[in-house]
Every structure is written in C-alpha cells, then in structure tokens.
Amino acid sequence: MGKAVGIIGVGQTHHGRRTEMSYPDLVREAVVRVFADTGLTPADIDGVVSGTMPSMMEGIALTHFYFADAMQAVGKPILKTETCGSTGVSIAHTAYYWVASGMADVVLAVGHEKMNEGNAQATMTTVVEPFYQRYFIAGAPGVFSMQSQMWADRYGIPEEKIRDAAAYISVTHHDSAFDNPYAHVKLRVTADDVKNARLITYPVRLLDVCPTSDGACAVIFASEEVVKKLGKKAAWVKGVGYRGEEYYFGDSDKGVWQSAVQAAKQAYKQAGIKNPRKELDVAEVYNPFTFQEMLFYECFGFCGFGESPDLVLKGTFARKGELPCDPSGGVLCTNPIGATGLIRVAEAALQVMGKAGEHQVSGARLALSHAMGGVDQFNGVMIVGSEL
Amino acid sequence: MSKRVAIVSVAQNSGAESKDNFYDQAYRVAKEALDKAGLTREELGTVVTASSDIFHGGISCANSYYWETTGAFLKNASRQDGESLFAFFYGVMRILSGQYDTALVMALCKGSENPPNDTCTLMFADPFYQRPVGLTETMAAALQMQLYMEKYGITREQCAKVVVKNLSNALRNPYAHRKGLYTVDDVLSSARSIDPLTEMEMAPKSEGMVAMVLATEKKAKKLTRKPVWFKGYGSSLDTFYLGDRDLLDGQLKNAAARAYKMAGITAPGQEIDLAELTEPYAFQELMWCEDLGFCGRGEGGQWLDSGATAMNGKLPVNASGGVLANNPYVSRGLQRLVEATLQIRGEAGERQVKKKVKTALAHGTHGFAGQCHAVAIIGI
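Chains as they are written, first to last, in the working numbering: chain A, 1 to 388; chain B, 389 to 768.
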C-alpha cells in the first residue's frame, strides 16, 4: 500500500444555488474552510490536485488555470484529474497516490462545480459519441433508468417493492439532509410525495433524482510523519479501488455491474475487509438515483443480488440500521458533480474522525466512499478508517 | 527516492493528418508500447492517460470514449487533463506507491478532428474580462514575445532561427508533421499572425497518440535491456490573469528547480545532455532555455546563435523538431519525453544526436504565455 496516508481536514461550501457568488469564489470558500479546519496555510501544501466535469459544463476549459488563485495553487505543483462523474473520488485517489509514493507530504485536493451556470444534461449527452448513441442517450436519467429496469427484470423484483424501497430511500435521505449544514435540498417529503412526483424517465420520478447544485469541496491528505507531527486526528486511507468498463452502453452487463463489483473488491482487499456489511460502520454511496443506490449495495457486497429492496424496507441501511448509508443525505440531496465524489470521501472521513456533527453515526471507525461516472461506466471506491 | 521507476518502452504515431479513426490510432500505439515491453494487456498493472475535452473533437469526458482502446478495460486507470507530463508523473506515483509494477502512460489527441488551436485556447480565458477581448494563447504569446524582444534586445531573426533549426531537424523525424529546409527570410515573410508573430513561428495542429510503459526496477530489468530511469519531476502553476503576471518571469524556473532537486542536478547546462522543449511559439524556446538555466537571463538568442542548441551542439534542443514540427496539444509533453527516451537509448534513428546522451530533460507547457509548466528528467 505504499506509505500510510491520512486525511487531516475537509472544507465544504454551503452547497446549493449560489447565485450570489462567482465560480472562483465558490472554490475559494471550500479552500479557505479546509485551511481553517486544519490550521495549515497554503505554504504548507506540497501539491494541489484539481478536478471537475468537462469544459462544456464549466463554460471554461482547463479550469485549473482559472482557479489557480482560488485554490491557493499559485507557484505550486499541480495535477488535474478528470474522470467524468467519478472525478471527485479520482481526485482523492490522485492525492492519495501522491503522498503514498513518497513524493509529497501534504496534498490539497479540490473538486468543484457551479452547475446552475451550465447545462448538465446537455453536457452529458455529449459524453456519448455523435454517431450511434447520442440519438437515444439524452442526459443521465435515461441511462440509469434502463439500468434499473434491467436489474429489476434480472432478479424478478416486483415493481411495487422496488417503488416502495426507492421511496423509502428518498424520504430518509431527504430527512438526513436536515442534519447536514452543507446539504443543498432540504425538503420534508413523504413516500406518497415520492411516488406521485413528476415522472422523469420511467421509473425514475423527480424525488428519485439528485438536484443541480453549486458547490466545492477541499480535502487535505498528509503523510504519517506529518499527521504525527501535527498531533492531529486523521482518517487513514485503508483501501482504494477503481474500475472502468465498455464505453458502448449495450456492450456490458449493468445488472451485475463489474466496474462497481471489482472496484469495491480491490479496496476491500487492501483494507482487509471480508464481510463489508458487518465490518463497515457507514457508507457514502454515490446515489444520484434512488434505484441505482440499491444496485450499488448489491455490487458492493452489502447483500446478495436482488435482495436490497427487502433490506432497505427493513431499515438495514437507514441511519440507525446495521450499515447506515448516506447519512449526509448523499448525492440525492447535493450534487455539484465535480465535487460530489470528493464530498463522499470528505463525509466518510468526518464520520471516522467523529466530526460529522448532527449526522454522526456513533462509533464509526471504518467508512466507504464511492463515486460513479462515464456512460454508466466507471466506479471508484475509497475506504477510510480511524486507526492507522 | 529509495525505489526506482523505469521507462521500458515507447510508441507514437505520425503527427500528419490521418484517415484512421481515433480508436484505431490509439489502439495501435497502445498495443505497440505493450508489445515492445513484451507485456500482455492482462499482465499490465494500471493505465494513466492524458487528454483534454476541449481538444477532443466534440465529445465530453474524453476517457469514457477511449477507455478500452488504451487497454484499461476492468483495470484501475485514471486520467489527467491538459498536460500529458502530468500523466507520466501520475504513472510514476502509482508505481512508487507499491501497488503496481507496470503502468501504461498514454496521451491522446487527434488534431485533425479539432477546431483551430486558438478556438480552443480562447476557452481558457474567463468569460467576463479576457474572452470578450479575444485573448488566446497566440495573443498572449505575442505580448510575451514583444516584451522579451524589447527587454533583452532579442531580434526577430533570432526567433525565426528557432523555426529554421527545428523544421530542419524534423526532416530526420518520420513522425514529424511539419518539416523542411527554410531560411530566416522564409519565416519572417510568411503570413503575419498576431504581431510580431508570423504563421511559421507558430506550431501546427497535429495528430498525436503517444504511449510509454513504466515499470518498477525489478520488473524493468526483466522487460528490457535498456531501461531509462525516472530521475526527477517538477511542475508549477502561475496566477490566472495575464495582467497580474510578469510574462518574463514565469513559473518554469520553479518547476525546473523542483525537478533538478529531485534529480540531484546542480549545473543543468553541464549535466543535461539533451532537451526536448514545448515551444508552440518559436521565441519561447529561447526563453525556456534561460528559465531552465541552460544560459543566462536574456542570453537565449546568443546561445542559439552560438550553435549550442543545434542537433550536434553542446546541448541539443528539440532534435526531433519540437512542437513547431509536431503539435498534438495535450500529447506534446509526453511526446517530448518519448523523444528524450529514444535519444538516451540510442534509438532515435536519423535524428540521433552524435554525443552520448546520459541525462535528458523533457518539458511541457500549456496555458497563456506558459501559465503552467512541467519538467521531467530521465537518464541511464
């Protein structure tokens, strides 16, 4: 695993519709907060990793240029990591490898998105090539709806049951967001509200879908020597896993989703995890769609394939359940895409450092964070723990 | 660094416009690099690519599109944006972390499917102040060139000589896109671009799939008889607004200082045997030589005149023809490193320099007037 690496602090913006400030100021808000959280200054940083969604969504290309000052990265070594929706977790991986390689001691990772100034769905349509797929893969919901249907059909899960379980996830996550000061959507909803919400792409309805958020997240990774010198509590990186699969949507099996299965396996192996549902204390699963969240539970080995709706309805993955998932309210309530994966990592780190405040899962020692991207194609996992 | 990382094989394609599609071009180069290393895709540890959505022919999330062609199917792979030497460094990091013993590093750009370079670089400018006035890399470079000539008495002829040198070097490089025997007059009388630049002083828009296989010391010794070792790396980012910067005192010195420190180099002009620089605008080669410490401040012109940077000079610069000959925007940094590797291995064919190359430097830059620089040092 290389040198030990710990997360020593996080900074998040108040995510939402931040029309009162510019994009660089949004980035600056997160970066200022990570310095306040850690007590470090920009002079302490050996390198900066930046990342976001593609240029079309940003309205500006190669965003590390524009945000050099906001990231306090002027005169610093820089890397720019982009892997579509999984960018956030890939930024965290890059920062981890930089420190684990021994070539830096303190690395600042910054992810950001000001989605209200762009057009996310139009951009995502251009992720697919212009010859075959662009005609029918319009934006994200279409892809994920097809995947949900494939999964339900494969395991013969009754439509009613999936609908109920998805509504349960939506209600509980929306409730959780009230306990997260940085969450975007704060809305009390009932299961009936979810089931009767406006249809987006069958079976996905409005309250099954993440919002369009402005937000940024900054996380500082440090070597064991620095963590000890600072005498700080850290969330130690225990495992990193990432996999990508076929670009053409029809080429791969999205029901037993190999990129998700194998990314988790790689991270579990490094972290020495054999029974994830038992050993993990909390998981921040990337869940832009309620239906997809259930599939992730299965791919990550939290339960068998086809079993997740029953367990969701039993409360297994709820805040007081056996393995709380997305106590922050998750992507469903906050989705500034280029930051989203890094927010999952930050939330997992806060949990194992005991700093998650109102949405703290008591006694959390081992946490999984995750992000997904591409044309339903990439999955990345980072596991953090309270012990070295 | 206690552990060592080696480059074990390299591959690239021609910069000239090709009828082959993106997938075929990328696949062939990736496969060639793996074949030369004697590795199957299954044996390969990890993949790090470099590409940029703005230079990606109208498709967003570039690495989604080309994922399988780079051998990354169901592998732990990642991607860097903008500068391909970033991908090299990330590949080195992944190996030094102890998790992988081999890595394919690859840069992908198909210039013929992209709009003109400056249509893309205009998008680097912020949409409020700089973009409305049409700030592009060429405009920023023209301002920088004007300042450079004025402050240090560099002449237009000296800048043009860089083109003459590099395009004639390129005659020996089968991968070069633009090449030929030209005179200083040819360069200065070519079409005017943004004053004082002429068209010939500006890099073209090229194809460029570039790949290399990296390995741990133990693995490298099994894969090749001629490993080329990673010695040092440094990068640095400058502030954004052009007016806030001293265009003659940029970040390359910082990037180079970091790379030299890692490589243990104290006298770059003596210790570095060959350099491959990213000079999308001719005069920049002179400036970068100064920033890299090959010659004194303001002496880039005289140093060129002395013949030091010629193919068989004291410190050959861009024996391949450089970026003026071949400019696949995102891939150009890694292409410099591939050329430096070939020179160290003595495999550069007709463009092989006469002197023995033990230590070489590769440089990449992107952004207005060199907002970001990256420097890599490799050697035997």
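Among the hints, a few may not be true.
[What the hints assert, rightly or not] Dumping the calculated PhoX-like pairs for lysine-lysine here, alpha-carbon to alpha-carbon at most 25 Å:
| no. | chain 1 | residue 1 | chain 2 | residue 2 |
| --- | --- | --- | --- | --- |
| 1 | B | Lys610 | B | Lys649 |
| 2 | A | Lys3 | A | Lys195 |
| 3 | A | Lys265 | A | Lys3 |
| 4 | B | Lys609 | B | Lys424 |
| 5 | A | Lys3 | B | Lys649 |
| 6 | A | Lys3 | B | Lys424 |
| 7 | B | Lys610 | B | Lys419 |
| 8 | B | Lys606 | A | Lys228 |
| 9 | A | Lys3 | B | Lys606 |
| 10 | A | Lys269 | B | Lys606 |
| 11 | A | Lys269 | A | Lys195 |
| 12 | A | Lys355 | A | Lys228 |
| 13 | B | Lys610 | B | Lys424 |
| 14 | A | Lys269 | B | Lys424 |
| 15 | B | Lys419 | B | Lys609 |
| 16 | B | Lys407 | B | Lys614 |
| 17 | A | Lys232 | A | Lys314 |
| 18 | A | Lys314 | A | Lys3 |
What the hints contain is simulated information worked out from the structure, not anything from laboratory work.
Against the structure, the hints come out as follows:
1. A distance of roughly 29 Å separates the Cα atoms of Lys610 of chain B and Lys649 of chain B; the hinted pair therefore is violated under the 25 Å criterion.
2. For the given pair, Lys3 of chain A sits about 49 Å from Lys195 of chain A by alpha-carbon distance, which is inconsistent with the 25 Å threshold.
3. Between the alpha carbons of Lys265 of chain A and Lys3 of chain A the distance comes to roughly 21 Å, so the proposed pair stays at or under 25 Å and holds.
4. This hinted pair checks out: Lys609 of chain B and Lys424 of chain B have alpha carbons roughly 14 Å apart, not beyond 25 Å.
5. At most 25 Å may separate the alpha-carbon atoms for a hinted pair to count; Lys3 of chain A and Lys649 of chain B meet this at roughly 21 Å.
6. Restraint check for Lys3 of chain A and Lys424 of chain B: not satisfied, since their Cα atoms lie roughly 31 Å apart, outside the 25 Å limit.
7. For a cut-off of 25 Å, the pair hint linking Lys610 of chain B to Lys419 of chain B stands: about 19 Å separates their Cα positions.
8. At roughly 32 Å between alpha-carbon atoms, Lys606 of chain B and Lys228 of chain A are farther apart than 25 Å, so this suggested pair is violated.
9. Between Lys3 of chain A and Lys606 of chain B the CA atoms are separated by roughly 19 Å; this keeps the pair inside 25 Å, and the hint holds.
10. Simply put, Lys269 of chain A and Lys606 of chain B have alpha-carbon atoms about 24 Å apart, close enough for the 25 Å limit, and the pair holds.
11. The hinted pair formed by Lys269 of chain A and Lys195 of chain A fails the criterion: a straight-line CA distance of about 39 Å is larger than 25 Å.
12. Of the pairs offered as hints, the one joining Lys355 of chain A and Lys228 of chain A holds, with about 19 Å between alpha carbons and a cut-off of 25 Å not exceeded.
13. A threshold of 25 Å between alpha carbons decides the hint, and for Lys610 of chain B with Lys424 of chain B the separation of about 13 Å falls inside it, so the pair holds.
14. For the given pair, Lys269 of chain A sits about 32 Å from Lys424 of chain B by alpha-carbon distance, which is inconsistent with the 25 Å threshold.
15. For the given pair, Lys419 of chain B sits about 20 Å from Lys609 of chain B by alpha-carbon distance, which is consistent with the 25 Å threshold.
16. For a cut-off of 25 Å, the pair hint linking Lys407 of chain B to Lys614 of chain B is broken: about 34 Å separates their Cα positions.
17. Taking the CA atoms of Lys232 of chain A and Lys314 of chain A, the gap is about 38 Å. The hint is violated against a cut of 25 Å.
18. Among the hinted pairs, Lys314 of chain A with Lys3 of chain A is inconsistent with the structure: their alpha-carbon atoms are about 41 Å apart, more than 25 Å.
Violation of the numbered hints given earlier is confined to hints 1, 2, 6, 8, 11, 14, 16, 17 and 18; the remaining hints are satisfied by the structure.
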